[in-house]
Amino acid sequence: MKAFISKNKWTLLLLIAATALMLVLAQKTYYALIIALFGIYAIVATSLDVLFGYTGQISLGHAGLFAIGAYSSALLTIKFGVPSLLSLVLGSAITALIGALIAIPASKLVKHFLSLLMIAFGQIIYLIINSWTEVTGGSLGIMNIPYLNVFGFEVNSNLKGAIVIWVILAIVLLVKHRIIRSRVGNAFIAIRENTVAARGLGIDVQKYKVLAFAVSAAMTGLAGGLYAFLRGFISPETFNGTQSVLFMTMLLFGGITTLAGPVIGAIVLLLFKEVFQTFSTYQGLIYALFMLLVLFFFPNGIIGLYKSGKTAVMKLLSKRAEATRNGGAENAEN
Amino acid sequence: MLKIDHVSMVFGGLTANNDVCAEVHKGEIFGLIGPNGAGKTTLFNVISGFYKPTAGKVIFNGEEIQGKLSNQIAQKGIARTYQNINLFKKMTVLENVLVGCHTQTRANIFDAIFNTKRSRAEHEEAIRRCREVLEFMGIGHLEDSLAGSLPYGDQRRLEIARALVSNPKLLLLDEPAAGMNLTEKDILTDTILKIRDLGYTVLIVEHNMKLVMKVCDRICVLNHGNKLAEGTPEEIQNNPDVIKAYLGGAK
Ligand SMILES: Nc1ncnc2c1ncn2[C@@H]1O[C@H](COP(=O)(O)OP(=O)(O)OP(=O)(O)O)[C@@H](O)[C@H]1O
Ligand SMILES: [Mg+2]
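Line by line, the protein sequences give chains A and B.
With the numbering used here, the residue at position 104 of the first sequence is 104, and numbering never jumps.
Add 1000 to a position in the second sequence, counting from 1, and you land on the number used in the numbering used here.
Chain A extracted, bound-state conformation (with noise of 0.2 Å):
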């Protein structure tokens, strides 16, 4: 512990600056709701960290399962009377099988299969969504969903949600972490790393292709609930296919195989999108760019330029260091 905190000095700093900042931001309750998103959205990148950053397999169809968790939770709420928590739990419950469903035929075939198949999801979902009007409320969605209640602590505010979500963020990168460094996330590294050795040891490549997806789709679909709570309202327009490539964009633009990265590549995108929201019919231009920008100049993401930067900083005190004892050793010498 005290090795770790040592060694990872400078980004607990920078931490706890941020938690700060948040925290007084978050008095203001437009700032509060930007900061909950912010939670929402690392949710999402990280869960797709999981499937892309360790797996190798990549979604272009994330936006379907936000949208599943999102109408499942506040449905089950409204329609069956459901405690909100219980809701929560369950709408991600309900993304994580149907995540499976889609996984287990498409991780039969080619690589690449899964991808083509999630951006078909995605639209699907779009579609029913918006079409299927007695249930989803059509493109006008659901409103009045109630606030989530937390154990009787009811989330009523934004400032409430967003701590709410964080800590659930919290969690969720706990639970990422556990699993990545368990015998599971070694067998999802050693597919990614080469499948075939993956298999010579034992390892069935098809059922841990669709436990990566199913433990991605479960992350979304939280987040996807945590949504349509905070926000009270859902309609389709959140869950289209350039939802799905920003998600993918705050991902690589943060950095895959990290705990921080999508949370970064989350609060930057998110960002980014509210500053320039008169553009909103340019977004998917404007992610296509980040995302080359990301492939082109720093393609280990945000996180991989801080690291980077952080080891050139090291070497560079270190050189001074040695220089002024090198210096001092010839100065007493003469």
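FYI, nobody ran anything at the bench for these hints, they're computed from the structure.
Remember, predicted model here, so these are calculated numbers, not experimental data.
Yeah, the Cβ is synthetic: ideal placement off N, Cα and C, and Gly gets one too.
There may be inaccurate statements among the hints.
[Claimed, not checked] According to the in silico footprint, chain B covers these stretches of chain A (three or more CB under 8 Å from chain B):
no., region
1, 188-195
2, 204-212
3, 282-288
We have chain A; now place chain B with the ligands onto it with these hints.
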């Protein structure tokens, strides 16, 4: 232990294995040799489930395994190395070997999420065993290096370690000495003998005759997909057909 029963493997018009029969006994080192393109690797791929043979059976401890998936065959206790190294390059040496423990460990996704006592104990035990095997293969000091950054010889040793850590009933080695220098080859020879002495059964493909003749209890020679001869190292060395095949296909 392993019975190869009239196995044929045909690719389009090319017969890589033609009606091959052989039997590997428990506790021995069985050599599979032959000129380039003789069909040795193909036979390995059939045994380990990467290819489904066109005809014939592979019987492992009394059970037909031909056509089963390679991960199922690995679960039954057959581990292998590859002629063209197949490591997880961006994982560390220790992580590579940890993946090798997959069949020996049980922790599932819920164990991982809740970090259960059982899975922690299992993980620690796996790490201990990995370190032991890395030490045995002489690469213990490299556990934190990335597999892809290792010199060739170490990569080959790591592949053996990764296979060995699963406690296989049968270990298949495909040209383990390829690309090694003379000292490394001598060390490897000793290591393979030690592996046998630990009670493992080994099936080895190797072009280095010095190594093959020193370690093998019995040898099978393949030529153009056909079995040419089988016997002890002395018998094989003095077999006129074998000498002709090797001289004829001199390389
Ligand atoms: N997947 C495949 N598709 C088509 N032909 C194949 C395939 N695998 C092997 N072959 C062919 O089968 C023959 C035997 O190949 P194999 O790799 O088994 O030989 P080998 O004995 O291992 O040779 P080497 O000593 O060079 O490794 C070769 O002619 C090869 O081209
Ligand atoms: Mg070969």
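Hints, verified against the model:
Against chain B, the region 188-195 of chain A contributes 4 residues with a C-beta closer than 8 Å to a partner C-beta. That satisfies the three-residue criterion, and the hint holds. With 3 residues bearing a CB less than 8 Å from a CB of chain B, the region 204-212 of chain A meets the requirement of three and the coverage assertion stands. Taking a C-beta to C-beta cut-off of 8 Å, the region 282-288 of chain A contributes 0 residues in contact with chain B, too few for the three needed, and the coverage statement is violated.
Taken one by one, the earlier hints fail for this structure only at number 3.
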